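Build out the structure end to end from the sequences listed, making use of the hints.
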Amino acid sequence: MSYSEFLYAVRKYLEKLRSKVVFYDHLLELKYVFKDREDGGLTLAKLLIENNVHRGIDYILAIPRGGLPVAYTVSKKLSIKMDIVTVRKVLIPWNTEAGYGAVAPDGTVVINEPLKEHLGFSVKEVEEHVKTTLTEVRRREELFRRSKGYDIFKNMKVIVIDDGIASGYTMLVAVKFLKNIGTSKVYVGAPTASLSSIKLLYPYADMIYVPNIRSDFWGFAVAEAYIKWYDLTDEEVLSIIKKAKSEGLYV
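Its first residue numbered 213, the sequence shown is counted upward by one per residue in the working numbering.
These aren't lab readings, by the way, just hints derived from the structure by calculation. Heads up, a few of these hints could be off.
Quick list of in silico lysine to any residue cross-link-like pairs, SDA-like style, CA-CA up to 25 Å [claimed, not checked]:
# : residue 1 : residue 2
1 : K328      : L412
2 : K289      : N263
3 : K293      : D251
4 : K293      : T445
5 : K247      : W441
6 : K289      : K457
These numbers come from a predicted model, not from an experiment.
If you want it as structure tokens, here you go:
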């Protein structure tokens, strides 16, 4: 199959999902399309504005850490208040850049079962990994949100934003968590995402907005959408929160 044939097949597949998935055709399958996370946020905000999404969103929720600069940029552009939803991937012990599931603040867990089986983890090992992840989620919940709860989002329409969606499980647990607490509509937004993550999220999210979708047949890395990329620290997250508060953009 030639590249043009492959691209045609991807477009044809995405056309079937058009009722819930919005993307930029000219950014399909491209790498290094954003200068940095802020630039990715501006492109995502543009996509949201073009589709009048900003008129129906009550709150923006960022997934820490990498989702903060993107969400803050979108929050400023759309003049919608933001907060954080503290979810975290369940790490593979020998590869802390990769995960095989994710955990939400209330203990909601989603596991990538095929990957778990491939990795050969026992039930006890999975329980230990989930326990470790939940401890980190609750540390971040206290540090970033002062454990203030999520009741404000009941019966509200929110968009959950990250800097990218690789496997989709971290975003999925955020969507499930918010649905469980009674959020009326949960949209998903990120500058970049893998095609397989779109497939995973499609049945659960109310809408999905991703400017840059890339197939992941040969692998996928969020970082490959950005020219400038690095891992954020807790201090940088707190700095963005402080800035958003000073501008009246933080819940």
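Comparing the hints with the structure gives:
no.	hint	in the structure
1	K328 to L412	16 Å, holds
2	K289 to N263	14 Å, holds
3	K293 to D251	19 Å, holds
4	K293 to T445	22 Å, holds
5	K247 to W441	9 Å, holds
6	K289 to K457	15 Å, holds
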